[in-house]
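Chains as they are written, first to last, in numbering that gives the first Met the number 0: chain A, 0 to 270; chain B, 0 to 270; chain C, 0 to 270; chain D, 0 to 270.
Each hint should be verified, as a subset may be incorrect.
Note that the list lumps identical chains together, so a pair holds whenever it fits in one copy or between two copies.
Unchecked claim - SDA-like mimics (lysine to any residue), calculated; alpha carbons at most 20 Å apart, straight line:
| no. | residue 1 | residue 2 |
| --- | --- | --- |
| 1 | K72 | A214 |
| 2 | K212 | I262 |
| 3 | K253 | Q265 |
| 4 | K72 | M223 |
| 5 | K26 | D53 |
| 6 | K72 | P92 |
| 7 | K212 | R190 |
| 8 | K253 | T189 |
| 9 | K72 | R52 |
| 10 | K72 | Q229 |
Everything labelled a hint here was simulated from the structure, so no lab data went into it.
Protein chains: 4
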Amino acid sequence: MRILFLGDIVGRAGRDAVIARVPELRKRLSLDVVIANAENASHGFGLSAAIARDLSACGVDVMTLGNHSWDRKDLVAEIDGLPNVVRPLNYPPGTPGQGSTVFTLADGRRVLVANVMGRLFMDPLDDPFRMTQELLARHRLGMTVHAAIIDVHAEASSEKWALGHALDGKASLVIGTHTHTPTADHRILTRGTAFQSDAGMCGDYDSVIGMQKEAALARFVRKMPGERLQPAEGEATVAGLMIETDDATGLARKIAPLRQGGILSQTIPDF
Amino acid sequence: MRILFLGDIVGRAGRDAVIARVPELRKRLSLDVVIANAENASHGFGLSAAIARDLSACGVDVMTLGNHSWDRKDLVAEIDGLPNVVRPLNYPPGTPGQGSTVFTLADGRRVLVANVMGRLFMDPLDDPFRMTQELLARHRLGMTVHAAIIDVHAEASSEKWALGHALDGKASLVIGTHTHTPTADHRILTRGTAFQSDAGMCGDYDSVIGMQKEAALARFVRKMPGERLQPAEGEATVAGLMIETDDATGLARKIAPLRQGGILSQTIPDF
Amino acid sequence: MRILFLGDIVGRAGRDAVIARVPELRKRLSLDVVIANAENASHGFGLSAAIARDLSACGVDVMTLGNHSWDRKDLVAEIDGLPNVVRPLNYPPGTPGQGSTVFTLADGRRVLVANVMGRLFMDPLDDPFRMTQELLARHRLGMTVHAAIIDVHAEASSEKWALGHALDGKASLVIGTHTHTPTADHRILTRGTAFQSDAGMCGDYDSVIGMQKEAALARFVRKMPGERLQPAEGEATVAGLMIETDDATGLARKIAPLRQGGILSQTIPDF
Amino acid sequence: MRILFLGDIVGRAGRDAVIARVPELRKRLSLDVVIANAENASHGFGLSAAIARDLSACGVDVMTLGNHSWDRKDLVAEIDGLPNVVRPLNYPPGTPGQGSTVFTLADGRRVLVANVMGRLFMDPLDDPFRMTQELLARHRLGMTVHAAIIDVHAEASSEKWALGHALDGKASLVIGTHTHTPTADHRILTRGTAFQSDAGMCGDYDSVIGMQKEAALARFVRKMPGERLQPAEGEATVAGLMIETDDATGLARKIAPLRQGGILSQTIPDF
Ligand SMILES: [Fe+2]
Ligand SMILES: [Fe+2]
Ligand SMILES: [Fe+2]
Ligand SMILES: [Fe+2]
Ligand SMILES: [Fe+2]
Ligand SMILES: [Fe+2]
Ligand SMILES: [Fe+2]
Ligand SMILES: [Fe+2]
Chain A
0 MRILFLGDIV GRAGRDAVIA RVPELRKRLS LDVVIANAEN ASHGFGLSAA IARDLSACGV
60 DVMTLGNHSW DRKDLVAEID GLPNVVRPLN YPPGTPGQGS TVFTLADGRR VLVANVMGRL
120 FMDPLDDPFR MTQELLARHR LGMTVHAAII DVHAEASSEK WALGHALDGK ASLVIGTHTH
180 TPTADHRILT RGTAFQSDAG MCGDYDSVIG MQKEAALARF VRKMPGERLQ PAEGEATVAG
240 LMIETDDATG LARKIAPLRQ GGILSQTIPD F
Chain B
0 MRILFLGDIV GRAGRDAVIA RVPELRKRLS LDVVIANAEN ASHGFGLSAA IARDLSACGV
60 DVMTLGNHSW DRKDLVAEID GLPNVVRPLN YPPGTPGQGS TVFTLADGRR VLVANVMGRL
120 FMDPLDDPFR MTQELLARHR LGMTVHAAII DVHAEASSEK WALGHALDGK ASLVIGTHTH
180 TPTADHRILT RGTAFQSDAG MCGDYDSVIG MQKEAALARF VRKMPGERLQ PAEGEATVAG
240 LMIETDDATG LARKIAPLRQ GGILSQTIPD F
Chain C
0 MRILFLGDIV GRAGRDAVIA RVPELRKRLS LDVVIANAEN ASHGFGLSAA IARDLSACGV
60 DVMTLGNHSW DRKDLVAEID GLPNVVRPLN YPPGTPGQGS TVFTLADGRR VLVANVMGRL
120 FMDPLDDPFR MTQELLARHR LGMTVHAAII DVHAEASSEK WALGHALDGK ASLVIGTHTH
180 TPTADHRILT RGTAFQSDAG MCGDYDSVIG MQKEAALARF VRKMPGERLQ PAEGEATVAG
240 LMIETDDATG LARKIAPLRQ GGILSQTIPD F
Chain D
0 MRILFLGDIV GRAGRDAVIA RVPELRKRLS LDVVIANAEN ASHGFGLSAA IARDLSACGV
60 DVMTLGNHSW DRKDLVAEID GLPNVVRPLN YPPGTPGQGS TVFTLADGRR VLVANVMGRL
120 FMDPLDDPFR MTQELLARHR LGMTVHAAII DVHAEASSEK WALGHALDGK ASLVIGTHTH
180 TPTADHRILT RGTAFQSDAG MCGDYDSVIG MQKEAALARF VRKMPGERLQ PAEGEATVAG
240 LMIETDDATG LARKIAPLRQ GGILSQTIPD F
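In isolation and in its complexed conformation, chain A is listed as follows (with noise of 0.2 Å):
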């Protein structure tokens, strides 16, 4: 299976540069399913049912989410009827929304989606790793899935890569979103997982991690509160992962980043 990962789409640029390109790399580059981080589409801030709409339209098939879920309070009480959006499955329970759903494709192939958060210099959730471990003792790969993506919201590298290494085997890509850089340390690990510590961001890089200049840079000079923060608005680039996995097994047989548009340096799978 031919599998699309985008990392946290932010505001109106991340958006409009996903739009405008997943629908011909679907194409271009086979794909069978899209998925995106998408905690950040709604100005920044959250994601509206109506931008989760728009997005599913344009070839995304699951969206993730992360700290940033309920930005948007009407997804509050929304995200039980968006079947396709998948908030931290780490929340407590009672939390409204799913952890993780199985998108079926056209041909009946099965893919589940998590979505995790970490803990380290983040909020205090449920046991990422037990939760994600008991998950896949429910879903298993190569058996009731065909392909199990997990993305792991969190800051620190470390824990991102320790959740790596204890799915390794039992997922077909665990990938971070959050810190919005792509990282270069993708690679299947030694079990078969596909693994990117951070897929990046969809999002304008002339900016701070998405965010206007100006303003993000006062918060840290001044201490101060000062404008609200607000999306950078010159090109995105569309930054992610892609693999492929052995429909047999669940397992990454290939694994190469994706950055298209904006100015960071270009990159496109050629598998």
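Since the structure of chain A is already known, use the hints to place chains B, C and D with the ligands on it.
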């Protein structure tokens, strides 16, 4: 000037790879200066004077440190005798060692190298924004120094990007360290400063940020102190960034990542 | 000199209690100076200029702030016109307002009042140890000022105690704020400085640190943003510490906590 | 039932004071049960089995722990043989030891004692709210147990207060530990649960939370590892809280702090 900056050297694997490769890289890439972060060079924790000398001998001109600066207590006593070792400049007044140094090439060109720590999710040291700006007001790029390299040892991508923009036009290179993960966001900022939010590590990437997997994973899962963390001992990837600067202005003209050896995707500058 | 310091005034309940009680307390306890932390006076978040004037009018001579200093944006513009309001002195240079003030009594005696923020588990500001020591080197107790009061607005008890010892003999009183919990560890330190690690809050204690229980509890349990936190509105306890100092040395001779009104155990200084 | 809870016992000074005073306090106050937090009993860091036995022998019926539970590695092996030692119940499944115990008095009355850690500014363990509520659903106050004591080992006053309200009516006492600072906010909550946000420490208060001043202060000021922290060795104050409960309901009828010996203000329950 042709400059190579290498990310955190971790343990024997990292040292061996740096010592083996730097001599040939200096020739092949016609490097004028090589700088490396060495805060994890001694068995993953700190830098001993003996290892500092070994790294110097192989062609590392200046070494920077970070939150592990004082893991080796002997360095506290010895650092003042090591003119090419730089510790974070935002430690309190009275801290042993120096926060920056001006390294002079054989041909007389002068390169400022400084090390500064971020404060987000890290120890609250003095203000890295103010201190680097004061430093670069004293050492004017293209005037008193031909190049200026700032190693921003920090956890949060936002703080690193903010510091990059804050120093844009005043330094040749602002480069992150500490996450032990190379980022694919290298670029030359608007006013001519090269930037990468993390140089990555020189270490074995089949690990948790350079440490053996089992013990590092156990800490996250079991929440008990366990075995001491040990550096992973597989072949290291030497990871860093190369830039070429204009000696007249000190600003960057070219930029490219370098990843050689080990299990990461390989790349070498082609200029 | 007879000095009363009151902890964080929270919302209407806290203000009403302070305004009702301070005039009688000034008389009953023959107070020379009353200081109060007012960072939560305006509906729990910040201090408006109007409320600062109300508190002044009732007999609060100097008000201190903390991490909520700028919750009311209007104070940023107005603080320079409020000579008896003090914000943390370890904000960066250029921050509006003042980090300390010398309040002069009708009889000419001078009282230094400063506010400083801790850094452990809080925003990384400038070094509170260095800055308070520099301040107290400029304002010599028993020489240029008759008393010196340092409000240490901090989370960690260890940092507050460390600062108490660091300033012992140089200040009349080092008193903690921010936890909204009165501590029973008040005492006069070895070299004569009075100390209490937290003065407590002037607010309704049938609450979560002054905020209504249900919403505050929901945040911990549900891990979602919910209703906005609102100050609890039951009768407040006015909580603080009284000291008597020797005008010749500025050091403390007597110390006793004060808790009046509301549901906490009641106590009033008997000297 | 007449219950005394003592805060964190720190080092030899704390142990000596507890061992000297508990026998007379049991008599004088007609105590039925004595519980103490012992996470710092062994030279400030952890609890050895030998010291656990010494504390038992002097009349401490149950000991609780905290973030220092495993500082003494030998306790990991020995804790399962110590039926009256309780470690935080929100460690991951599989952690040695027990998170709660039911202590049976000579007359057959049963007292549940549990230990739980907060997560704000601390290690992200399992949810303390959910786990204590599940525990108290299994052990019904006034039904299966005559009293229930919950030691909330936590940094943030807000989290302790929130947990107090969450358990109000379901426990006899919710008492904080960890800050090593006795608070003056003890009271019986609306539905009958006694509460104090911190019991304080049994240790020498001429210190930084029980550790010798110079080394503890140096860490804040110098930002370098220095001498190892050592417990202060002056006379300790035994600090804690006494409650009297109604055996029929398990709820609290009376509450008063206790501070005996050392340099803090002295108080002893008068009921
Ligand atoms: Fe994001
Ligand atoms: Fe995020
Ligand atoms: Fe490092
Ligand atoms: Fe580091
Ligand atoms: Fe406050
Ligand atoms: Fe505060
Ligand atoms: Fe403790
Ligand atoms: Fe503790």
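> Which hint numbers does the structure go against, in order from smallest to largest?
Replying inline: none
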